[in-house]
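**Student:** Here the protein sequences line up with chains A and B, keeping their order.
End of the first sequence = 324 in our numbering, gap-free, step of one.
End of the second sequence = 925 in our numbering, gap-free, step of one.
Honestly, the hints are just simulated from the structure, not real lab data.
Treat the hints with care, since some could be wrong.
Quick list of in silico lysine to aspartate or glutamate cross-link-like pairs, DMTMM-like style, CA-CA up to 20 Å [what the hints assert, rightly or not]:
#1 B:K559 <-> B:E619
#2 A:K318 <-> B:D743
#3 A:K23 <-> B:E734
#4 B:K920 <-> A:E123
#5 A:K23 <-> B:E811
#6 B:K810 <-> A:D26
What the simulated footprint calls covered on chain B by chain A, stretch by stretch (three residues with Cβ under 8 Å from a Cβ of chain A suffice, anywhere in the stretch; the number is not a length) [unchecked claim]:
#7 535 to 543
#8 557 to 569
#9 728 to 737
#10 786 to 795
Short, incomplete list of chain B residues facing chain A, as computed with Cβ under 8 Å [to be verified]:
#11 Q529
#12 P628
#13 G849
Glycine included, C-beta positions come from ideal geometry on N, C-alpha and C.
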Amino acid sequence: MATRPINLTTAVRPKWPDRIVVGILGACAGVAIFVTLGIVLSLVFETVKFFQKVPPGDFLFGLNWSPQTAIRADQVGSGGSFGVVPLINGTLLISAIAMVVATPLGLMSAVYLSEYSSKRARDWIKPGLEILAGIPTVVYGFFAALTLAPFIRMTGGQFGLEIASESALAAGVAMGIMIVPLISSLSDDVINTVPQSLRDASYGLGATQSETIRRVVLPAALPGIAGSLLLATSRAIGETMIVLMAAGMAAKLSLNPLDAVTTITVQIVALLTGDQEFDSAKTLSAFALGLFLFVITLFINVVALGIVRKYQERYD
Amino acid sequence: MIDLGRKAGFGLTARNRAERRFQWVGRFAIGISLSFLLVMVGDIMITASGTIKRTEIALAVDLGPDRIDPADPQSASYGGLVKASLRDMFPNVTKRAEKKRLYNLVSPEAVFEVARIVAEDPGLLGGKRQIWVSASDDLDLYLRGKIDTDQPQKRRRISDAEIEWIDALQDADRLRRVLNWKFLTGGDSREPEIAGILSALVGSALSLAVCLAISFPLGIGAAIYLEEFAPANRLSDLIEVNINNLAAVPSIVFGLLGLAIFLGVMGLPRSSPLVGGMVLALMTLPTIIIAARAALKSVPPSFKEAALALGASPVQAVFHHSVPVAMPGMLTGAIVGMAQALGETAPLLMIGMVAFIVDIPTSILEPATALPVQIFLWADSPERAFTEKTAAAIIVLLIFLVSMNLVAILLRRKLETRF
Chain A
9 MATRPINLTT AVRPKWPDRI VVGILGACAG VAIFVTLGIV LSLVFETVKF
59 FQKVPPGDFL FGLNWSPQTA IRADQVGSGG SFGVVPLING TLLISAIAMV
109 VATPLGLMSA VYLSEYSSKR ARDWIKPGLE ILAGIPTVVY GFFAALTLAP
159 FIRMTGGQFG LEIASESALA AGVAMGIMIV PLISSLSDDV INTVPQSLRD
209 ASYGLGATQS ETIRRVVLPA ALPGIAGSLL LATSRAIGET MIVLMAAGMA
259 AKLSLNPLDA VTTITVQIVA LLTGDQEFDS AKTLSAFALG LFLFVITLFI
309 NVVALGIVRK YQERYD
Chain B
507 MIDLGRKAGF GLTARNRAER RFQWVGRFAI GISLSFLLVM VGDIMITASG
557 TIKRTEIALA VDLGPDRIDP ADPQSASYGG LVKASLRDMF PNVTKRAEKK
607 RLYNLVSPEA VFEVARIVAE DPGLLGGKRQ IWVSASDDLD LYLRGKIDTD
657 QPQKRRRISD AEIEWIDALQ DADRLRRVLN WKFLTGGDSR EPEIAGILSA
707 LVGSALSLAV CLAISFPLGI GAAIYLEEFA PANRLSDLIE VNINNLAAVP
757 SIVFGLLGLA IFLGVMGLPR SSPLVGGMVL ALMTLPTIII AARAALKSVP
807 PSFKEAALAL GASPVQAVFH HSVPVAMPGM LTGAIVGMAQ ALGETAPLLM
857 IGMVAFIVDI PTSILEPATA LPVQIFLWAD SPERAFTEKT AAAIIVLLIF
907 LVSMNLVAIL LRRKLETRF
């Protein structure tokens, strides 16, 4: 068999086709930066226009939110008052209710799944919880508004409680259930990274399994769990459909979960659907609210991801 | 660290009881979450069951030559024909207000149904014919016992006279319940008895097509770059942090981005599936990138190294050897991302996909709505019949989501090789 000598000069391929391909791939990755940039720029741009009509101080510290009607005749801009405090109040109230529901449920589910359940049970329960995360929020909103809210109102009525038909409680509970799988899967991961040696040491000293979990595993996993709870909170703050359908429109300063309150996201939708005049303070205020929401959730996420990462490094 | 203290060895029964209690708290937590799921889906299914069938009334419509000109049947007043046939059935109804109530037994759509039937079969012309038309939603609700007749007349949607008529119709065998295909094949309507979800479904499909066409290539490209080619520098870190943060940005903020840039700056058509799909694409991008990177990471480096050793260029090695092996994982990520996009509502509200759409959209530039938005719109309507429609639309949405996720799971099982 004759062998053919390899021509080394043609074996060296030109480098430019590869460079082009890598360049295109890099551009794809760069899109992520452009999206963030686009979000920030569009929000900031409109917010600056808004602040030319309404002073930032009035927006950030104002106690009254009523974008539709003019309060004083000599008001700057197209009328209405844009104090964001009642919206923050409502957002935090509903998120707090959601977290009160979701934290014990999610955490205990995670503990049970990672420490107690058999593999078979785990294979069934985990996907079951994941279904909860996969159900669109508009479905939770429908259920909260149509079944949960009347149920809570009726139950409260039997104890002589006056409950608004669009109570923060109904929206908060539905949102809490929606967040359970987020907390349980994140906490599950965190609990699994706690080294077995810590558990063994505890058992060696005679502790029962639940004592080990409560006094060794959970304290060791605390930073990671805190991170996952923060991520869940940011999710609750940014959630729109459940509150839009089940919570009210009335901007009220109230800490009573039985009251109707409104949230930042609900107001963004209310301001931007229906007839809108462009460049009015009313339309622009939605972007200011959006920027506010973006900054808050971004801050919480960065802190949470930082905590989780630091925690993971501790046991690696 | 462990404060067993004095109790060690003592009170063991109490401690064991605490152990069991703790386990039960765990089971209880899972039980509450899962039973909420069951109650929610069950409640929605029960509400939705009312939409499976709808009610029709048999009208004896006079299609004689003095009523319809056989040469030009479309010019006839079908509204008058339907009304006349109702009056014929109940000749003792004479007062104006009473007549109006009588006409309300049939759906406003009945007029068009009769016109359509006549147009399809001109052989019907020439005499009295029995034609089945849609009944009103209130009649349907009454037949199914959803209207509380014990309440005083003023407080229910249907009067005593109407109840008498309906009972008379039923005795005369002029009412029937048929499968409600209209719900799946019709567009939106102000009348709940004929409102359907096809226009919303098509809107969703068009948006998802745009979304997939944008986010899949972009996401895969970004993942390949970050996993295989990105130099370890600040820029790569920045992109990486960026993607993780984008995944957690509230969806409504993406809607604001779409409103300001796609509609405001670029001037694309409002309410169109094109803009909807673009916004959804930006939202699903992080999901697809993260899944695709995980898939690429699971490919053993030896595959690529073997190719490199045989003289392949880095690009050849990645595209001929790593990417094909990682493809099932990438596709799974894309399907999961699409399922997410299908259920997304808030950003679509921002770009105006909340319009009342009767016609089925035929291009990505026409105004359209999407299935979850349709659910939101119907949920807002006060009529009980619309509540049932909302629940039924939710069931359709859930069926789509479940099947997409099933495909993703099967794909993963079937194609994924473990190394």
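**Student:** Are the hints correct? Go through all of them and say.
**Tutor:** Each hint tested on the structure:
With a C-alpha separation of about 18 Å, the suggested pair B:K559 and B:E619 falls inside the 20 Å cut-off, and the hint holds. For the hint linking A:K318 to B:D743, the alpha-carbon distance of about 16 Å falls within 20 Å, and the restraint holds. This hinted pair checks out: A:K23 and B:E734 have alpha carbons roughly 17 Å apart, not beyond 20 Å. At roughly 31 Å between alpha-carbon atoms, B:K920 and A:E123 are farther apart than 20 Å, so this suggested pair is violated.
Restraint check: the Cα-Cα separation between A:K23 and B:E811 comes to about 19 Å, which is no more than 20 Å; the hinted pair holds. Between B:K810 and A:D26, the direct Cα distance comes to roughly 16 Å. Compliance with the 20 Å bound is thereby established for this hinted pair. A count of 7 residues in the stretch 535 to 543 of chain B with a Cβ less than 8 Å from any Cβ of chain A is obtained; the coverage claim is therefore met, three being the minimum. With 0 residues carrying a beta carbon less than 8 Å from a beta carbon of chain A, the stretch 557 to 569 of chain B misses the three-residue requirement, and the given coverage is violated.
For the stretch 728 to 737 of chain B, the proposed coverage by chain A is satisfied: 6 residues have a C-beta within less than 8 Å of a C-beta in that chain, meeting the threshold of three. Check result for the stretch 786 to 795 of chain B against chain A: holds, 4 residues qualifying (beta carbon to beta carbon below 8 Å, three or more required). The criterion of a C-beta within 8 Å of any C-beta in chain A is met by B:Q529, whose closest approach is roughly 6 Å, and the hint holds. Taking 8 Å as the C-beta cut-off, the interface hint given for B:P628 is violated, the closest approach to chain A being about 45 Å.
Among the interface hints, the one on B:G849 holds; its C-beta lies about 3 Å from the nearest C-beta in chain A, closer than the 8 Å criterion.
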